[in-house]
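All chains should be built: construct the whole structure from the sequences, respecting the hints.
As you go down the protein sequences, you meet chains A, B and C in turn. All residue numbers for the first sequence refer to the working numbering, where the first residue is 1 and numbers rise by one. All residue numbers for the second sequence refer to the working numbering, where the first residue is 1001 and numbers rise by one. All residue numbers for the third sequence refer to the working numbering, where the first residue is 2001 and numbers rise by one.
Because the hints were derived from the structure by calculation, they are not lab data. Please note that a few of the clues may not be correct.
Simulated crosslink set (DSS-like; lysine-lysine; CA at most 30 Å straight-line) [as the list claims (entries may be wrong)]:
#1 K1127/B x K44/A
#2 K1362/B x K2032/C
#3 K1173/B x K2009/C
#4 K1165/B x K33/A
#5 K33/A x K1138/B
#6 K1165/B x K2130/C
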Amino acid sequence: MLEEFILYNLDSTQRSVFIEEFASITDKTLNPKSDLDILSGGQKVLVMCLCALLSPASAIHFVNLWHSLDPTNRNLVKNLISRLGTGRQITYSEDKHDN
Amino acid sequence: MSSQIKLSLSLLLLLTILALALVVFMDSLVIQLAFFGALTLSLLALRGFKRWLSSHRLILPFLISLSLVYLLFGILRINTQDGNPGSIAYWLQFGLGRVLLFVNSVLAFQLFFSLISFDELLNLPLKIGLMKYVILGKILFSNAFNSFGDITFHQSLIPSQQRLKQSFPQRFKARLSAVLALLLTLSRESRVQGSQIDNRITACHRGTSVGTGQWYQNLGFIVLVTVATMIIPIPIPGGGFFNFGDVMIVFIALHAGSKAGALAGGIGSAIADLLLFPLFAPITLIVKGLEGLLCGLGHKSSGLGRFLFPLAGVALMVGGYFLGEWALPQLGKAVAIADLGVNIVQGVVGFVGGRALFEAAKYLDI
Amino acid sequence: MIIEAGTHKIWQDFSLQVVSNLNFGEGLIHLKGPNGAGKSSFLTQILLPRLQNNPDFYSLYFEQQMQLQITAVKAYASLMKPRMRIESEADAVDYLLQDLLRVHSAEPRPSFILMDESLHAERVRDFLDKNIPNYCLVFSAHSQLFPEANAIVFKPISPSLSLVDVVTD
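Put into structure tokens, the structure is as follows:
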């Protein structure tokens, strides 16, 4: 987990927000020492989204985002993006082939 | 305790032990025994008996052959440092001191690694330009160790591998193909993960430039050499262990050139040594670095160059180790002799295997 | 090859209870059951260990996620004669089947082919019918791929136990 915090350049405030948001969605409390391998596929996508949304990046491009989430998680992520994604450019793309 | 303090204290402890055991009290049998006792007890407490025992399995053949060489010195009445012929008793006592010195160097590093985990490095206040190596390094090492098991599993299920009575060249080639598959996997991983890391850095750490993809390609090569050196340690009579490290160095040098060969050879092998045979690490860093450099001159040359430069490279490795070990007081001529046969085998295998991989690469996209 | 009735412990927290002896002879065998019922574990932890390193049989194993298997086969095919370039999953599957044919021609043995939700089941079955006498194809799939196959059903009883039994028509 710490590697992600470092790569996305999240300061201590943003890290706290991350942990809170993730816990409120999944009921799982992560900390910097947590091993991300124990998370399900959908939860890993959530981690990536949250990190990107809380980072200082001015533009975020999601590839195959909706394809990798089930309907429940899709709504959760849409909600996250609308709340935390303001003030930056957000784009999406999906590959046409399956598998 | 913060990571920085923990790391500094552990490093200080390691350096103190090394300075005392390897330099100041190098020739004192009593002090070496004392260190052996203290380090053994500490490691038993930290790691438990089973793990402590397994970490000695690899060095045992080498220690046995080293002891035999000292016995031979005594039988042949080789001259001591004062120029007088040494008796069996003298050489055995001297040998015991050196064997203990060797073991103590291994135990000291094992102790250090018991105290410090990879993750401590993540807590250091390093700039992202350096931290990215730690992050990608961790990913690639873990990927390599996990993948290799799966690779050997899948290859064992290839029908030709299920025939009994395979000749040695066939078994060697089969092992080689597992190493090649690991190379493919790690090349791809380092490219994918490395470019992703670069993307994050560019977007989230303004002002940090990422340069070309060379950094993650070279890191991938370094990890490959370390893993190839460590994953197949087959203890052979005569000491040390046979490994695919030199195969990887020859291949990387031919495939990617002298800089990659030198970095992967020197740093990759030295890391493996720190984890297994620390006393050799400084020599390894230089000798295998030079081996990679020399082999890499074959990268841009024609057919003959691609044969001669790797040959010269492995010859340099054998000669370099012999001279380096002879010259270093902590090792000396007994170690140089004990290791010579092993290194010759390593060199031959490295040359043959590395070139075989290079030929195979024409059928692959690396 | 018979898997005996009884409880087989697979993982620390998961076991399979085989109700009656399972007979794996010549023909097609379809492993049925929901996700997580233990079909993959049965293949890799019970059946495959008995086939690996067994001089009486040849065995092949195909997974759904073939990335690492493709890499393993790709590397092997580039070093061993006859050398071949492997680009896709289909290439890897073909290579393995051809290799089976090669060794089988030199030394015939009964062959087991295990497929875990593989996308190549039909292709493999066609090849086997044409080239390999005496084979046993064990496959797990959610659809009725080969209606003539005998079926073994995996039924989860609890998160740590599944029942395994033959389906009798």
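How the hints compare with the structure:
no.: 1; hint: K1127/B x K44/A; verdict: holds (26 Å)
no.: 2; hint: K1362/B x K2032/C; verdict: violated (43 Å)
no.: 3; hint: K1173/B x K2009/C; verdict: violated (36 Å)
no.: 4; hint: K1165/B x K33/A; verdict: violated (49 Å)
no.: 5; hint: K33/A x K1138/B; verdict: holds (14 Å)
no.: 6; hint: K1165/B x K2130/C; verdict: holds (29 Å)
Consistency note: the structure conflicts with the earlier hints numbered 2, 3 and 4.
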